Amino acid sequence: MDVISSILFVAGYEGLIFGLVAIGVYITFRVLGFPDLGVDATFPLGGATAAVFIVNGANPFLATLFAFMAGLLAGIITGLLNTKLRISALLSGILMMVGLYSVNLRIMGGANIPLIRSITSFDIFAAFTGLTGMPLSITLAGLTALIIFVALNWFLRTEVGLALRASGDNEKMLRGLGVDTDKNILIGCSLSNGLVALAGALVAQNQGFCDVGMGIGIIVMALAAIIIGEGLFGNPKGITTILLACFVGTFAYRLFITLALRLGLPPGDLKLITSVLVVVALGIPYLRKRLRREWIPPASRM
Amino acid sequence: MNTAAGQNILTLKDIRKVFFAGTVDEVTALNGIDLEVADQDFVTVIGSNGAGKSTLLNIVAGVFPPERGGKVVIKGDDVTRLEEYKHATHVARVWQEPEVGTSRNLTIEENMSLAILRGQPRTIKKAINKKRRDLFREALSQIGLGLEDRLTAQVGTLSGGQRQALSLVMATISKPTILLLDEHIATLDPRTAQTVMDLTEMIVSRDKMSTLMVTHNMEMALKYGKRLVMMHKGRIILDIGENRKKNLKITDLIAAFETAAGEEFTDDNVLLSC
Ligand SMILES: Nc1ncnc2c1ncn2[C@@H]1O[C@H](COP(=O)(O)OP(=O)(O)OP(=O)(O)O)[C@@H](O)[C@H]1O
Ligand SMILES: [Mg+2]
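So the protein sequences, as listed, match chains A and Z. For the first sequence, the positions run 1 to 302 when this note's numbering is used. For the second sequence, the positions run 1001 to 1274 when this note's numbering is used.
Note that these hints are calculated values from the structure, not bench results. In this text, all values refer to a predicted model and were calculated from it rather than measured experimentally. Among these hints, one or two may not hold up.
Pairs of lysine to any residue, SDA-like flavour, derived with a Cα cap of 25 Å [what the hints assert, rightly or not]:
| id | chain 1 | residue 1 | chain 2 | residue 2 |
| --- | --- | --- | --- | --- |
| 1 | Z | LYS1071 | Z | ASP1014 |
| 2 | Z | LYS1130 | A | THR240 |
| 3 | Z | LYS1130 | A | LEU152 |
Some chain A residues near chain Z, calculated using beta-carbon distances under 10 Å [as the list claims (entries may be wrong)]:
| id | residue |
| --- | --- |
| 4 | ALA11 |
| 5 | ILE76 |
| 6 | TRP154 |
| 7 | PHE155 |
| 8 | ARG157 |
| 9 | THR158 |
| 10 | ALA166 |
| 11 | ASP169 |
| 12 | LYS172 |
| 13 | MET173 |
| 14 | LEU174 |
| 15 | ARG175 |
| 16 | GLY176 |
| 17 | LEU177 |
| 18 | GLY178 |
| 19 | THR181 |
By construction, the Cβ of each residue, glycine as well, lies at the ideal position given by its N, Cα and C atoms.
Could you build the full structure based on these sequences and the hints that come with them?
Next comes the structure, spelled out in structure tokens:
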């Protein structure tokens, strides 16, 4: 396989899998206005849950489903901290992130679980389709992404989904219209963390191990991907475009990272690249306006 | 449950509300309010800054409960200690700021479909369908702002007046038991304010809606509604019914205020303009 297509394959796979994380983070940060930093720990929670079930002989697809459910549950707890105990959203997420680290270690019984000798979802899917290597990874990731895309594209247009979408913007109106806004937060946080855990479960199975530190910095990656996606799609508002923007943004972000690594930059530089990408994605629309001498609203601090 | 015109739709008994109780900042916003609103009544509520008008509406809407001992009954249901969102079955509101009544990031039809489900359980059925869209178009065409042709426009792109008119339609489309308006035209420019007020009058009389309308403007309080209530320092000091209200003038109001409140009327007490 030549270099270019291998780079595209890697970024394509990562765009699909981490696109799920980006959608999860989009739901909390943008839809709910609930900056949930807990996903740094729900990602390995998903990996750990799936890994433990798999090494104990469970069906790997079932194990992945359990990982998704573990994420749903973690999200509910984050939401409860905020809605029932009135702990700020930011702190609720941080507390979950810190607390779940220990939980993940307990689940795994150590810092790392190898899955190399176990049968994962990818192995079963390979036997079923005859695919191997990158095409295999991309197909399974793509199938999962497609299912989630279709499901969310439907759910966010339902009566419940629509109430969810007004949440970050106007809870006062929602309560006035009879929507239980606390329940909204629980649904949204749950869904978000479920998606992140699902991605963690698949990543662990694909790379052949689960590591307790595999989620570190994932929130920053997801935010960078969202911002790039929004930049590319020009601040989308419709549900379909938003979901697409999450995948495309993640793909673009991973493409840059993969390219940077191929160009021989040390992995230590990746953090700086991420920051620069976000600055560029956020800054370009404004710089373009400035060049055209358009009016720019005052800087906001939110 | 059906109620005939004239029957009580809202009963407030001994409503008191104290903020920051026990601190130096203690404020008694409501100090023993008793009020009964008949079905299909249109009550204008007037009073000086800090008189407690918004607090009163907040109690009816369930934003916070009154102090112990108070009671809020709407259409026979004791809703005193129910959560705010559960009040929505009965109560609909239009706020002073157009931003509060609508969701910026959703389209007009999406906002409307949130509104028609007031007080009903939300399901995982599609929020918007052909039947609902026709209903929205019909409701919006009656306010004559052309919003019915812009169902898929983002609400954030509408003007303040258009958003407030939309809030009004959203508040009334599901026929609430009682409509609360809290200075809902105060932030609009005079012409738009008049348009939205005309719409309010049209909808309230068309749907025979029981309404509480807070206003700062004495002229408005006299011109609209069947009954006028004046508040001062957390109490109702004046309550004028339909027959007397018809011939009431601003000077009468001022005189009545001075007698009831036992203090001289200054422009700060009750503003004459919006
Ligand atoms: N949520 C709150 N927390 C603390 N104090 C409040 C709150 N709401 C109202 N108050 C206080 O209660 C008193 C009555 O306020 P309220 O807003 O009901 O007056 P109002 O009649 O609506 O006045 P205005 O005409 O200025 O809108 C004021 O002193 C106000 O500062
Ligand atoms: Mg007020």
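Against the structure, test the hints numbered earlier, and report the numbers of the ones violated in rising order. 4, 5
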